[in-house]
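J.: Assemble the complex: chain G is given as a structure, and chains F, V, E, R and D must be docked to it using the hints.
Protein chains in written order, with UniProt numbering: chain G, 1 to 135; chain F, 1 to 135; chain V, 1 to 135; chain E, 1 to 135; chain R, 1 to 135; chain D, 1 to 135.
As the list makes no split between identical chains, a pair holds if one copy fits it or if it spans any two.
For lysine-lysine, the following DSS-like pairs were computed, each having C-alpha atoms within a straight-line distance of at most 30 Å: (1) K17 - K54; (2) K5 - K17; (3) K28 - K93; (4) K28 - K5; (5) K54 - K28; (6) K93 - K17; (7) K17 - K28; (8) K28 - K95; (9) K95 - K54.
Quick caveat, the hints were computed from the structure, so don't treat them as lab data.
Each chain is listed here by its residues.
Number of protein chains: 6
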Amino acid sequence: MSTVKPAADLEADPRVKAVFDDIRATRKSDFINNMWLYLAFDPTLLESTWRDVKAIMATPSELDPLVKEMLYIAVSATNGCSYCVHSHTAAAKAKGMSETQHAELLSIISLAARTNQLATALQVPVDAAFYADRS
Amino acid sequence: MSTVKPAADLEADPRVKAVFDDIRATRKSDFINNMWLYLAFDPTLLESTWRDVKAIMATPSELDPLVKEMLYIAVSATNGCSYCVHSHTAAAKAKGMSETQHAELLSIISLAARTNQLATALQVPVDAAFYADRS
Amino acid sequence: MSTVKPAADLEADPRVKAVFDDIRATRKSDFINNMWLYLAFDPTLLESTWRDVKAIMATPSELDPLVKEMLYIAVSATNGCSYCVHSHTAAAKAKGMSETQHAELLSIISLAARTNQLATALQVPVDAAFYADRS
Amino acid sequence: MSTVKPAADLEADPRVKAVFDDIRATRKSDFINNMWLYLAFDPTLLESTWRDVKAIMATPSELDPLVKEMLYIAVSATNGCSYCVHSHTAAAKAKGMSETQHAELLSIISLAARTNQLATALQVPVDAAFYADRS
Amino acid sequence: MSTVKPAADLEADPRVKAVFDDIRATRKSDFINNMWLYLAFDPTLLESTWRDVKAIMATPSELDPLVKEMLYIAVSATNGCSYCVHSHTAAAKAKGMSETQHAELLSIISLAARTNQLATALQVPVDAAFYADRS
Amino acid sequence: MSTVKPAADLEADPRVKAVFDDIRATRKSDFINNMWLYLAFDPTLLESTWRDVKAIMATPSELDPLVKEMLYIAVSATNGCSYCVHSHTAAAKAKGMSETQHAELLSIISLAARTNQLATALQVPVDAAFYADRS
Numbered sequence: 001m002s003t004v005k006p007a008a009d010l011e012a013d014p015r016v017k018a019v020f021d022d023i024r025a026t027r028k029s030d031f032i033n034n035m036w037l038y039l040a041f042d043p044t045l046l047e048s049t050w051r052d053v054k055a056i057m058a059t060p061s062e063l064d065p066l067v068k069e070m071l072y073i074a075v076s077a078t079n080g081c082s083y084c085v086h087s088h089t090a091a092a093k094a095k096g097m098s099e100t101q102h103a104e105l106l107s108i109i110s111l112a113a114r115t116n117q118l119a120t121a122l123q124v125p126v127d128a129a130f131y132a133d134r135s
Numbered sequence: 001m002s003t004v005k006p007a008a009d010l011e012a013d014p015r016v017k018a019v020f021d022d023i024r025a026t027r028k029s030d031f032i033n034n035m036w037l038y039l040a041f042d043p044t045l046l047e048s049t050w051r052d053v054k055a056i057m058a059t060p061s062e063l064d065p066l067v068k069e070m071l072y073i074a075v076s077a078t079n080g081c082s083y084c085v086h087s088h089t090a091a092a093k094a095k096g097m098s099e100t101q102h103a104e105l106l107s108i109i110s111l112a113a114r115t116n117q118l119a120t121a122l123q124v125p126v127d128a129a130f131y132a133d134r135s
Numbered sequence: 001m002s003t004v005k006p007a008a009d010l011e012a013d014p015r016v017k018a019v020f021d022d023i024r025a026t027r028k029s030d031f032i033n034n035m036w037l038y039l040a041f042d043p044t045l046l047e048s049t050w051r052d053v054k055a056i057m058a059t060p061s062e063l064d065p066l067v068k069e070m071l072y073i074a075v076s077a078t079n080g081c082s083y084c085v086h087s088h089t090a091a092a093k094a095k096g097m098s099e100t101q102h103a104e105l106l107s108i109i110s111l112a113a114r115t116n117q118l119a120t121a122l123q124v125p126v127d128a129a130f131y132a133d134r135s
Numbered sequence: 001m002s003t004v005k006p007a008a009d010l011e012a013d014p015r016v017k018a019v020f021d022d023i024r025a026t027r028k029s030d031f032i033n034n035m036w037l038y039l040a041f042d043p044t045l046l047e048s049t050w051r052d053v054k055a056i057m058a059t060p061s062e063l064d065p066l067v068k069e070m071l072y073i074a075v076s077a078t079n080g081c082s083y084c085v086h087s088h089t090a091a092a093k094a095k096g097m098s099e100t101q102h103a104e105l106l107s108i109i110s111l112a113a114r115t116n117q118l119a120t121a122l123q124v125p126v127d128a129a130f131y132a133d134r135s
Numbered sequence: 001m002s003t004v005k006p007a008a009d010l011e012a013d014p015r016v017k018a019v020f021d022d023i024r025a026t027r028k029s030d031f032i033n034n035m036w037l038y039l040a041f042d043p044t045l046l047e048s049t050w051r052d053v054k055a056i057m058a059t060p061s062e063l064d065p066l067v068k069e070m071l072y073i074a075v076s077a078t079n080g081c082s083y084c085v086h087s088h089t090a091a092a093k094a095k096g097m098s099e100t101q102h103a104e105l106l107s108i109i110s111l112a113a114r115t116n117q118l119a120t121a122l123q124v125p126v127d128a129a130f131y132a133d134r135s
Numbered sequence: 001m002s003t004v005k006p007a008a009d010l011e012a013d014p015r016v017k018a019v020f021d022d023i024r025a026t027r028k029s030d031f032i033n034n035m036w037l038y039l040a041f042d043p044t045l046l047e048s049t050w051r052d053v054k055a056i057m058a059t060p061s062e063l064d065p066l067v068k069e070m071l072y073i074a075v076s077a078t079n080g081c082s083y084c085v086h087s088h089t090a091a092a093k094a095k096g097m098s099e100t101q102h103a104e105l106l107s108i109i110s111l112a113a114r115t116n117q118l119a120t121a122l123q124v125p126v127d128a129a130f131y132a133d134r135s
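Next comes chain G alone, as it looks inside the complex (with noise of 0.2 Å):
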């Protein structure tokens, strides 16, 4: 179903199994997902990926672990990434999103491309008091 194929034996590169197992020891967890098992068809690309995902989404930071995921879900909803909103969904409830906090991210993100939509197509000024550079 995808663009390339994973190896039969992928951690029989020793790039791809360092970053396989700093995942699961990242995670405190064996699953490693098909997103990880795809990239590794290119050590460079595995490893940049990961590495920036673990520094923005698996290191404490200001924003709350759960507020992260459920930015990460705006985002890949709005693209249409089906595979990121599942991986996603599943990570936000794994941090305890609540059915209710589900269907509150929902409703604002439905309202967001909804007024984005008339936004665009009435062509509204930018209010000056906006700018954050103004003079």
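T.: Quick look at chains F, V, E, R and D alone, frame taken from chain G:
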């Protein structure tokens, strides 16, 4: 700069005035931003849009008001809506978004855009484990 | 295949049942399509979505019902929403869209996608004559 | 403001002049909007684009000319093409689109954007009943 | 799985047969992929689409045939077109795209998606130096 | 015009200065375009963005530098990123893109947008022959 022209005295229409009064009361501010001035060319559209923006964005709920604005920014940037990116970034700052939080928001939504692109270009099959409705 | 799981007996919830009954009455059909079955995980979201779909799509207005469905298809295809393309193409056919009209719809929306791409890649400046609010 | 620069005397090129003459004759107007002035940097691109715009948008067919413009607006707004939203809204008004029709168009396309977002975020499975090619 | 149903004997229509014959001759292959089988429900749409695909993608020109396929993949992935990502990745491989080139393509298009998101979320003003038509 | 405001003396921050110095050295030019001036509000975001742009776009690799810029333009135009379309078209011209190549790029990316729209509106099923990981 727009596809419609706001009337000279928008609030002469009592339906428009009622919405504008509610915007001012809800936000405790006299400032009515362009989105509402331009939507007012059709009072029905103005009323239904404000009704839902108020219900979802200006009513206390499970999600923090700042998180809601960040989600709105995430969708608006992904959709390329210049007006909405400006208005909701200003709103997020008014609700306390720090520069660090702003930068973190940008890191997450640009990471999501990048991995969305990868997942779509690879056509990664969705892991069965992610289906909430699998039997 | 979804990110939520519809309850076994959705209509045990009176709010869900009321919406489903109204869908059946409005459409004069017993068929409830998946969109509503899946939205029902949150009765508030179900109610507000159906309220607006009914008001805009199932209420007589200036635009012809078939034209409305075609506009819905145009947006849904552009957004890459597989579900919505399917459901609204089926609805358009049920409202009488011929194969010739379907083909013409496809010609127009694919031409628009093409010239959108050209105008954006060229960054063509908007002609002042097009501004409705020019002074 | 663009990525190309129109030549000072575009119509010195007979291929450009032929297209511009046909635009003027087809539209019964001397006004050539910027899209064509900027596309003229490459006569082949200008010719093939105009050939198809004329065949699809300026030739009588099953769909009403105003409906065609509305479909064009629907795609252009969804794609965020500022130029195209402006030019086709102006064209729709020139073909008689009333303020009420404009508002109804906006209601439909913003509703579609909203339910597209919901269907994608929920990953609603397509009902088998919608497949035109089911056996 | 589609919104149209290909006829049982598509090539009974001489216009369809002529296009299919030309596809086979141009590609030196008997394989007609689904895109053409489904477009054939309307011979005019089939003819105009194939005419332009052939002229642009299957005719020698300045750009290398493999580069053309990569550009097609870049747009198709960004638009989230699953069918097109699949068909043009297969075409690029048939034209010699190596795994290394495929990975590099993915690196570039995912980087572009990421910085597009940043530029839009920041609403970075365009440098005057970039305008080709500045006076 | 932006959602952030560059500091008056950006290079007073040694991390920002280090990135700017590297941009100047890599490009052999004193010009720092707005993207970097605005990203500098957060040195971490500036550093990680420049690190990857440099590694992917400014380091010799399998793909030709001009091809890389064209791929960047293809994604940026499809995403509707005005800033990125401008900056990468200027970069492509600096790397030798002729008017003919520019026009050919536009022909391909607008054809792709058109057939993406058709494939999505038709929901054409992917040919099994295109799956790289079919068994």
